[in-house]
Amino acid sequence: MERKKVTIDGNEAAAYTAYHINEVIAIYPITPSSNMGEWSDAWSAKREKNIWNDIPTVTEMQSEGGASGAVHGALQTGALTTTFTSSQGLLLMIPNMFKIAGELTSAVFNVAARSIAAQALSIFGDHSDVMTARSTGFAMLSSNSVQEIMDFALIAQAATLEARIPFVHFFDGFRSSHEVKKIEQLTLDDMRAMIDDDLVLAHRGRALSPDNPFIRGTSQNPDVYFQARESVNPYYLKCPDIVQKQMDKFAKIVGRQYHLFDYVGAPDADRVIIIMGSGAEAAEETVDYLTSQQEKVGLLKVRLYRPFSIEHFINALPKTVKTLSVLDRTKEPGASGEPMYLDIVNAISERFMDGTLPFTYPKIIGGRYGLSSKEFTPAMIKGIYAEMKKETPKNHFTIGIVDDVTNTSLDYDPEFSIESSETFRGKFYGLGADGTVGANKNSIKIIGEGTDYYAQGYFVYDSKKSGSTTISHLRFGPKEIKSTYLINKANFIACHQQVFLETFDMLEDAVEGATFLLNTHLSKEKVWDSLPKKVQEDLIEKKMNLYIIDAYKVAHATGMGARINTIMQTCFFAISNIFEKDKAIEMIKDSIKKTYGAKGEKIVEMNFAAVDQTLDNLFKVEVPKEVTSKKEMKPPVSEKAPEFVRKVTAKMIAGKGDTLPVSQLPVDGTYVSGTTQWEKRNIGLEVPVWDMDICIQCNKCVVVCPHATIRAKVYEEDQLKDAPKDFKYTKFKAKDYGENLLYSLQVAVEDCTGCGICVDVCPAKNKSETRLKAINMEEQMPLREKERENWDFFLSIPELDRTKVNLTRVKDSQFLEPLFEFSSACLGCGETPYIKLVSQLFGDRTIVANATGCSSIYGGNLPTTPWSVNKEGRGPAWNNSLFEDNAEFGLGFRLAIDKHQEHAKTLLTTLSNEIGDDLISNILNNQQKDEADIYEQRGYVDALNNKLNELLKDSSKDRTADIKQLLSLANYLVKKSVWIMGGDGWAYDIGYGGLDHVIASGKNVNILVLDTEVYSNTGGQMSKATPRAAVAKFASAGKPVAKKDLGMMAISYGSVYVAKVALGANDTQTVRAFLEAEAYDGPSLIIAYSHCIAHGINMGLAMHNQKAAVDSGYWQLYRYNPDLEKKGKNPFKLESKGLKIPLKDYAYMETRYKMLTKSHPERAKRLMKEAQRDVEEKWNIYEQLNSFEPLKIEEEEKKQENE
Amino acid sequence: MKLETKYLGMDLINPVIPSAGPLSREIDNIKKMEDSEAAAVVLYSLFEEQIEHESLELHHYTSHHADSHAEATNYFPEMEDYVTGPEEYLEHIKKAKDAVDIPIIASLNGKSLGGWTEYAKKIEQAGADALELNIYKIAADINQSGSDVENMYVDIVKEVTNNVKIPVAVKLSPYFSSMSWMANKIVEAGASGLVLFNRFYQPDIDLEKLEVVPDVVLSNPEMIRLRLRWIAILHDNIKADLAATGGVYSEEDILKLIMAGAQVTQMLAALLKHGIEHIKTVLTKLIYWGEEHEYESLDQMRGSICYKNVSDPSQFERANYMNVLNSYK
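These protein sequence lines are chains A and B, in that order.
The first sequence begins at 1 in my numbering and counts up by one.
The second sequence begins at 1204 in my numbering and counts up by one.
Treat the hints with care, as some may be off.
To be verified - Straight line, CA to CA, 27 angstroms or less: simulated DSSO-like cross-link-like pairs of lysine-lysine:
no.	chain 1	residue 1	chain 2	residue 2
1	B	1442	A	1144
2	A	731	B	1412
3	B	1412	A	594
4	A	640	A	594
5	A	479	A	382
6	A	526	A	479
7	A	1003	A	1144
8	A	871	A	1003
9	A	1165	B	1488
10	A	871	A	947
11	B	1476	A	46
12	A	594	B	1298
13	B	1412	A	1169
14	A	631	A	721
15	A	594	B	1235
16	B	1442	B	1340
17	B	1488	B	1235
18	A	811	B	1412
19	A	482	A	625
20	B	1412	B	1234
21	B	1412	A	1144
22	A	533	A	647
23	A	382	A	4
24	B	1234	B	1205
25	A	1169	B	1511
26	A	4	A	363
27	A	594	A	526
28	A	647	A	543
29	B	1412	A	765
30	B	1361	A	1165
31	A	733	B	1209
32	A	4	A	245
33	B	1297	A	46
34	B	1325	A	589
35	B	1442	A	767
36	A	1144	B	1324
Derived from the structure by calculation, the hints contain no laboratory data.
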């Protein structure tokens, strides 16, 4: 039977099968598995039916723990149920997995396998997570390719129903989950044929039901638990045969035959690699090549890893085998070997022991590869086979890295390549925002579905949220593609942004005669001279073809804006000659219609116009014979950077991190702060320029700047003596810090992202030309050199004395040095100004617990960190534990700091004779209520440290141990500020239990919730902070219930400081809330309105959205300070004047609300009406609170006493 | 007094029609209009530019950040379908037609020539009884001549009337060098009626913020003067029905406009201020006045004080200006 060919990624393949053979799906978003849930939700919303003609229910839970609980419950109630997860998500499911397996419950969990956070988090793929779930009792089935993912999701389901053992069906995160490949799509009839309905009914028959009551999930005692645990053995013993039976059945229906262990290679191989996952594809490709070279090598692909069938395993190996190399994509530190290695050693050894090993006991070596999606290439595989030839091959080796510490790594020839000459190999360098990846996904679809070619697409992103770079790797051709690695021998390279030529050595990977397509604004006469020397050299030496297009010109002329996707795609098809020109145009246009049809005719027309105009603007440039350029590639970091940054960080920035040997990396994940300053990204095409004559010195631009690239300083005139000639300054208007001071506003143009939010909030207008303000956006390039000099000079001007700054005034607070700068957050990010504010107000004594999410990515994703250090060497200390435990993690900081302080105070008393009473009294009596007190305390502590160091020198004193103890603790005598930060996904959902516990603890922690009202980092999934009527993933028809009132829940304790702020609506209230929260000696919670790209808004104007949210009464500004109640005052102060505009006037500024009016107009009206009512009701309650007269506690108490 | 009126070939029960505006966005309001004895309803305008803008905006914001970060392939759920075209408006026409028996006149503001005709055809297919073209052009381009602007109007009217069978009225502004000539050209191009006059939204300046602010000021009764003049001048001079809009508040306004030659009068500000029921109040007073003054029908008074039928037509012309000035002395 001819089945449909589809070009999809692994996540879609898994979701496609799983959706159609399940009834209930409970999920929680986590990279890289999120898309599986999203596909399912989208199909459910479209009312697509499963094989039983029913629409599966898809439910987003508050955590993976929650999702697995819901799965367990649904399974126990008889529904066929699945979930999708990865990494920490799978770990959170483990408790339920033991239960589900212990109860012999049929289920399949589809897992995009991913690294587990250890020394650092990594979103990329390896088997650390699934290996951690080995002991749960789940069967484990591994898919190596996108086709296998679709097939095995079905085989696993058929097998679990028969075996009653639940399955983890896993595949490599990103490499398989995100690889787009042309595959054959299973039909629903295939699924019906594979799934035995009698087994489905039997599953349902085992369900809990009051109509057939029984209990399950008992507590057992020493008398029977053990025996009961052993009672399941027959099921595990039968399981491998059942899986093979289902694989055979699948082969009969579909035609693809799989085995529990599939061997490929020489029938008489002496060296066999054993592997599972996507690496097996590259290994098979290599084995095919090596056997064609008469090498006696083979490969054993492990499909069913648990239950591990020794019999099937031994039978699958060639009897000639002499050396086995077992490759694990995981690391188990301290183990005698990685898990699969140990399984294989055990299997061979057991059969050897009982005398049934059908071949001589082989050498068995184990190796680690591919952690966190590290490349695994034919060159490495060849290197392993070469090692296996040795008399004593290295055991417990690593491949793909240079381990110069414990010398585990194998050498290999990185130049070895077996790429087929028949396969087209293209690399496309794009900007995240220019649509390159989308266009390439589309191209692969067009080729895959429009030709008989095999096709593969894989996409690499950097970790920046603004100005991110993407590299698309596209292969297609007549031969099946098993190359599960990046392209490093390309015959087509496209550079969608000319500026990349200075950063990436992209032609390094070009083969001779390759084609290079460059998007440039320069003409074909001028472009050659603009190219860096290295690019010219490669073009000449490799005899390359050069094509150019001014894609932005075409995009502008056709209304496409900055989206050059369709234009570059058209160029690619025009140059690569995959199709005849007219046919290519027709196919692109068909695809445009399919992709954009639903969004309106205008979009389609615009893209059609772009296609039509592209060919007229695409030119071939004759490559000259001589190199004319002297332009060198840009160094990744300045020469002034510290050594670690120059030697290590710079390599990561340049995309050469793979070459860093083990010895160069910190052993425990500790990195220096303040490194973003060295990564001059120059991504802002336009930057703000200060007009000092118009400026009113309000510093509003400084407070809103998401990237801390616009700063103000006040200083004495004599500081100007070495100023560059263009350095701007003016008289400081206020007298607070003395007479005749100067004021400068300076922009770090090389770090500015050009979001323009500063210009938007600037209140000062040019009186003669009102379109101009005190800051105006201008082209960056002409300013770069002189502003670089100005910026360096500006940094050299001393900071204002913190002890004199009036922090309650916004403009004054903005003279404080930010210790969070140049993050990679999105242009116009709504979160970072709050974080920056914390760093300004308290940064030199702050310790941050950061929940996983956007803030942990732009805050802590290598290569650089925005968390910075002041000139005294102090600054925020930062760590990210997990997503779910951040509040508890931060509480731990507090407990330790308090303990250290308490211990230090005890030691002060113990050493009072040595230290002296005066100093001790000064230290202990300083309340540290403001910056002046803290400055003073630092002085006392410095004196204490000096004293202690002196005492240490005096060996006659027998107090050495105590002195050393106190020396290590003395700094804790200066007040430390604990900040617990994260997004709403953490605070409202996965971390809520912990947050609730921590605010109830009474401990002095400050919790900052950066409320974007969705899971921003994973792509806009609904959280409990998502408002009614807004669209989000898993709420595609608009969220039907109102946002959780987290603030009110915290207020209900009466002992928590709570503030709700929106910087764009009231910056003074924001600054005051932060100051009060920090000053409050107990738990504080600040809920900060954070606009986000997931709202679908103009980020440069987003402060208007904040203001409108407040004006509508939706986002109330308030502060609740329990300290006021103690003074007999109302602790609640409502600080906004809500209900000034209807909610819809705010909401419909944002796509998240507006799109519902386009997709579900009637529902949008109803939900908006309900949301308006929510606002009014809530406002009414808040007003009542605001007018509340607190009980006069003392009078009440007196009255009671009298009675 | 008989109120029956013919407008654009339709038999109306009286000459009062709510004009295009926000009230007709709600079907319940349209029902109320019928209950208050409105003769027909002009629906709010369908703006081609707005449709295009919303479609582009939706596309931009739902796709702008897609595929730019490893953890998020996009930030919004994929919708199977969006109502980004005129569907919502067309559906509204259908709902209005189902809800009431009075004629439904759609209103269209196009941007491109193709857009005008395409949307006009769709409006006709949706069941509208007539179409009012709301041609809204601010001639801000110093390189565009008056005749260019006029030709643009004429072309639109020709294109639309050639493509639909339902009667088409054109809502005009008074800003033409030769209003009468222009009115006639539009009628010759195929318009069955002229709606006088459109009021462009007038911008204001916020002195504190130094910003231009859009400011919607409701019409006031003084505004009917301009309508009176041009209706009186055009009545019987061109072969099209005349509708007055802008400043119509009371039965007196209606009487004056009909005497000047209007077939119908359109009301919006009065209904926003006094409620939809105001139509009924005005009609009651209209009948009372007519009967008190012994009119048999509106037709009897229609055009009785138009340019042609007054003793001194110059009173409707510019010459009259001097008299007005003199009257202040």
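- Message: So if I understand the rule, the pair passes when the alpha-carbon distance is 27 angstroms or less; does residue 1412/B with residue 765/A pass?
- Response: Satisfied, since the Cα-Cα distance of roughly 8 angstroms is no more than 27 angstroms.
- Query: Regarding the pair residue 811/A and residue 1412/B, is the alpha-carbon distance no greater than 27 angstroms?
  - Reply: 20 angstroms, holds
- Is residue 1412/B close enough to residue 594/A, meaning Cα to Cα at most 27 angstroms? At roughly 46 angstroms apart (the allowed maximum being 27 angstroms), residue 594/A and residue 1412/B break the hint.
- Message: Tell me if the straight-line CA distance from residue 594/A to residue 1235/B falls inside 27 angstroms.
- Response: 43 angstroms, violated
- Task: Would you mind confirming whether the straight-line C-alpha gap from residue 1442/B to residue 1340/B stays at or under 27 angstroms?
- Result: 24 angstroms, holds
- Task: Take a quick look at whether residue 1412/B and residue 1169/A sit within 27 angstroms of each other, Cα to Cα.
- Result: Violated, at about 32 angstroms.
- Message: Checking one constraint from the list: CA of residue 871/A to CA of residue 1003/A, max 27 angstroms. Satisfied?
- Response: 31 angstroms, violated
- residue 482/A paired with residue 625/A [C-alpha distance capped at 27 angstroms]: The given pair, whose Cα atoms are some 38 angstroms apart, is violated under the 27 angstroms limit.
- Query: Do the alpha carbons of residue 631/A and residue 721/A lie within 27 angstroms of each other, as the hint requires?
  - Reply: 34 angstroms, violated
- Given pair status - residue 1324/B, residue 1144/A, alpha carbons within 27 angstroms: 32 angstroms, violated
- Query: When you check the alpha-carbon spacing of residue 4/A and residue 245/A, does it fall within 27 angstroms?
  - Reply: 26 angstroms, holds
- Task: Would you mind confirming whether the straight-line C-alpha gap from residue 1412/B to residue 1234/B stays at or under 27 angstroms?
- Result: 42 angstroms, violated
In the structure shown, a violation is registered for the earlier hints numbered 1, 3, 4, 6, 7, 8, 9, 11, 12, 13, 14, 15, 19, 20, 23, 25, 26, 27, 28, 30, 31, 35, 36, in ascending order.
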